[in-house]
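Protein chains: 4
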Amino acid sequence: MRLNNVEIEDTFAEAFPMYIGRFIITASTRRWALASAQEAKGLGVSATLGPGEAGIEREVTRDEAPDNRPGYILDVGHRQRKELNYWLIARIRKGVLPTPTTSVFDAMPKEMAQYSIEVKDTPIQLFGDGFEEIVERKGRAVYKIPRMDGFFFIEKKLGIARGIAGGNFLILGESQAVSLMAAEVAVDAIKEIPYVFNPCAGGIAASGTKVGGRKYTEAIATTNDAYCASLRDRVKETKIPSGVNCVYEIFVNGLNLSSIEKAMKVGIEAATTVAGVKKITAGNYGGTLGNILIPLKKVLEIN
Amino acid sequence: MRLNNVEIEDTFAEAFPMYIGRFIITASTRRWALASAQEAKGLGVSATLGPGEAGIEREVTRDEAPDNRPGYILDVGHRQRKELNYWLIARIRKGVLPTPTTSVFDAMPKEMAQYSIEVKDTPIQLFGDGFEEIVERKGRAVYKIPRMDGFFFIEKKLGIARGIAGGNFLILGESQAVSLMAAEVAVDAIKEIPYVFNPCAGGIAASGTKVGGRKYTEAIATTNDAYCASLRDRVKETKIPSGVNCVYEIFVNGLNLSSIEKAMKVGIEAATTVAGVKKITAGNYGGTLGNILIPLKKVLEIN
Amino acid sequence: MRLNNVEIEDTFAEAFPMYIGRFIITASTRRWALASAQEAKGLGVSATLGPGEAGIEREVTRDEAPDNRPGYILDVGHRQRKELNYWLIARIRKGVLPTPTTSVFDAMPKEMAQYSIEVKDTPIQLFGDGFEEIVERKGRAVYKIPRMDGFFFIEKKLGIARGIAGGNFLILGESQAVSLMAAEVAVDAIKEIPYVFNPCAGGIAASGTKVGGRKYTEAIATTNDAYCASLRDRVKETKIPSGVNCVYEIFVNGLNLSSIEKAMKVGIEAATTVAGVKKITAGNYGGTLGNILIPLKKVLEIN
Amino acid sequence: MRLNNVEIEDTFAEAFPMYIGRFIITASTRRWALASAQEAKGLGVSATLGPGEAGIEREVTRDEAPDNRPGYILDVGHRQRKELNYWLIARIRKGVLPTPTTSVFDAMPKEMAQYSIEVKDTPIQLFGDGFEEIVERKGRAVYKIPRMDGFFFIEKKLGIARGIAGGNFLILGESQAVSLMAAEVAVDAIKEIPYVFNPCAGGIAASGTKVGGRKYTEAIATTNDAYCASLRDRVKETKIPSGVNCVYEIFVNGLNLSSIEKAMKVGIEAATTVAGVKKITAGNYGGTLGNILIPLKKVLEIN
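Chains as they are written, first to last, in the working numbering: chain A, 3 to 305; chain B, 3 to 305; chain C, 3 to 305; chain D, 3 to 305.
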């Protein structure tokens, strides 16, 4: 396949189920809502250790927020349900509750919610020390918890979907600058698709991995040597074509497959508009690990 | 005591020892260095759960960085040495290694380093899968690790100081807007003091806590009801004077006591310049918990 | 009138006709589109001298832009038609044409366009030195002008509306912090209303004026002493009620009256949610200057 | 000459005298100081029409500002003394005076000041309408002018230097992405040099010009066709080497020649570190227009 004169490899992204929460962080002003969302999102890049993944999906208008204030949608995900339950609450406890004027509301579409996390009996409810109460906001049951600057409001239940992680594609460019600009262009395009999030800082991953290690066999994940241009001459399995000198990977997580496919499509199309991009491919493990295969061919054919 | 006609309570901040790492994150461009520092800093607000504390201390000039690139100093802390060792590596693994063009160098002043974290045998070195090598940069031993966009450089040893957490003061204002503006003014002032960092999103904490709970006795920390204006009439021990309606807390962690004191001083002075601030005090537990007492009186007398 | 327990004075904003252009600035990446829009917007605050008024209205999605790239809508206005013709071209020539990867497309709704500015024979077309050509983009005639980084595209005609300037309201608060926070909250709310723009830096004006001067009678506009709390005791005509210590003004320009009224409504409503706001009023000259009177009462009654 | 394996053409930048003002904009918070500086800087890109050039030089610490507040240094320049006098005042009148909590102080080093602009009798003083007074701040005479949010302070005299405009270099890269990244890297480096400023949005110029026009002989400046890769086959005088597809120009204005040379040096050095950069040259008119010639060879030899 070719798109804008760029080769698209006939391969697939190998994705995995992921439990995902989706909620709105509001504040008195847009900048405080954003400061809180960034803190709560932090340390949320895909990796084999730590507190799961997170990404700011988009700005919400005041009409969309139950308290009629500016806000952002944060998506928080983990492959383990129990871990998600723990870290979603921790992200709110550390990133939102301490931040001036903030509140939290569920943003999970009803039809996607598979289960709920209850704020009851978590460190967030306990923070209230009995002074908290349940009030109603636009038909929602909401904790009203005293805080030094007034009250922190948080919806009683936060919906969790069984979504997908690991949608991805790789951008192979003739130089670092080209791959980076193409990745940035792709990230801007993906930002406009609802129900997906990108966990990486700035949306771009330099540290693609392979499962396990060749030399360090005890490692869970190590550098994706086949896609390191600097190892082209040292790795027999190199997948770096002639003329390619840098690769970046774009990850797309989301609440459902169709949104991820749409996001991959617009991202790939946007990346191929940048002069110097040589090839687009996707990361997979031959289908041995993830049970959700997303062929690039199918992705590019959707409307 | 009074300063700019604002009452300064004759009390003290109660602080604690904290292990702290301090390193530079560089990148090809300043904006990528900042994106990485923000991700690595994330989820780093003081709380009783999660991955410790972190804060961006300041921008560094290209001359200050061993690779002559733009960068930021990140401070990462934890009260438990073992936990710090784990989370400092995790913050770099998740916040820096994946981010385009980044590298990491130690920024701990020699005279403050108490011990070092070795990158050897961590997931960061293992990421190299044997392709990594040790090179020299301005007299420093540095890992050079292949990554899809080139190489990730990270100094072999990252120095750890026995610093201090919990320097703090409370701003009591006649309205939320007043306390928030005073807090923002204080944060701007504190940013100019070296060797300190502020873990909160935007530098300001709304969710002051007391140790344990009145009602929820099993809780580790609950709302600081004595400083909640909304609970003024329900809490006998309220410390909200007449005319005060909102309180924010500013935390200051740092490598040494004198830097924290300096930061508290400039922060308090700045806060008192904002009209409508009624009182400055500090958070403590009567000296029962922390072993480092920082009297506001002493702080304001330093030059 | 009272709203959220804040007095709304029964008065009116006195507004004026203004010629307004509205166009999209696109670029390869969202951040370059924004950098260009900010430069082109600059020096665009209402005043009695200089290059007219300008404001970034909002972000556009890639679908909205004829070149399918990220962009921002910029509104540019002047009370004199000839001056607008000159400065609109100058803003593009200085703020957009030099900025990497940018292009410009008309964003004036057909039904509002009263006349067009032709790019032909302006310094922008002349820049092409004969190498420029006219091409078609989604049914629009567009100049394609060679530039060192490729081509600058600009739509051949940019529509101009006969809009309105000087929609406004004043926020009277008990402290500077209160008035400033209320103004920021109002600006966030107004940002969501289409077809309006706010020319001030950060959307907030500290320097309200009266027409002419008491002492400096030759001056065109001087400080609005009646609304300076610091002059309360020196100015007989003071309009500063007891308990008020700071005033900020929010200006709203727009393509039509109904959009300005909607923006004023949401801005005033938002401002009154901030504790410490004492009164909302509007700036007028008794109806002697502007021919468009916007009563606050009417504004608050619209849906 | 070669640097980092990039060809440096043995040519010179052709520069011109420019009158330059340099002042500090302070505000209660750093973000308001920045918002004001950006507005006052706007519409300040080099071009043959409009309100001169301007650039934010750097952040100042609170100690550097006479009012002990956060701030930014703004440089404002024009080749005509009378025009500078007009537009410097206009930039402050429109970009600073209206912006919440701001003040202005001279930042011209004594030894560089050639003359002063007096605020007396300008629209800024007249704004005070007789309520203004002269006060003293750290040994400086300062106007204190009532404004709706308190007082606007502005130093009575603002020093003007006879500086230089038009320091520049051109980055020729194999792709748009390469030239753009190299330009961004150069801009980051130049930002660290004192006494210089860069008037372009984001610091990068895509619209290099030649004097006059080939076809449009009446034009003052038209596209620099010799450096347009898209015109390579249509322009006999093309200076686009094989393998080059995009050119960006970096301008450096400054208070004195040595600062400009230093800035050009660090900028060029930084640009050549980006893979894919093919050549660095500089813009000149054969020495026929500007009387200050800055050879690249000399620039690269300084320490």
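Treat the hints with care, since some could be wrong.
The list treats identical chains as interchangeable, and a pair is accepted whether it falls inside one copy or across any two copies.
Unchecked claim - List of simulated lysine to any residue pairs, SDA-like, C-alpha gap at most 20 Å:
| # | residue 1 | residue 2 |
| --- | --- | --- |
| 1 | 281 | 33 |
| 2 | 281 | 152 |
| 3 | 217 | 33 |
| 4 | 299 | 3 |
| 5 | 280 | 245 |
| 6 | 140 | 277 |
| 7 | 280 | 113 |
| 8 | 300 | 64 |
Honestly, the hints are just simulated from the structure, not real lab data.
Each hint tested on the structure:
In this assembly of identical chains, residue 281 and residue 33 lie within 20 Å of each other by CA distance neither inside one copy nor across copies; the values are 38 Å within and 25 Å between. For the identical chains of this complex, residue 281 and residue 152 are inter-copy neighbours only, at 18 Å across copies versus 54 Å inside a copy, given an alpha-carbon limit of 20 Å. Proximity of residue 217 to residue 33 under the C-alpha cut-off of 20 Å is found in neither arrangement, the shortest distances being 47 Å within a copy and 35 Å between copies. Taking identical chains as interchangeable, the C-alpha atoms of residue 299 and residue 3 lie at most 20 Å apart only when both belong to the same chain, with a minimum of 8 Å there against 49 Å between chains.
For the identical chains of this complex, residue 280 and residue 245 are neighbours both inside a copy (8 Å) and across copies (16 Å), given an alpha-carbon limit of 20 Å. With identical chains, the CA atoms of residue 140 and residue 277 are never at most 20 Å apart, being 50 Å at best within one copy and 22 Å at best between copies. Taking CA atoms no more than 20 Å apart as the test, residue 280 paired with residue 113 passes in neither setting, with 40 Å inside one copy and 45 Å between copies. When the C-alpha separation of residue 300 and residue 64 is checked against a cutoff of 20 Å, the pair qualifies neither within a copy, at 37 Å, nor between copies, at 23 Å.
Hint compliance for this structure: hints 1, 3, 6, 7 and 8 are not met, and every other hint is.
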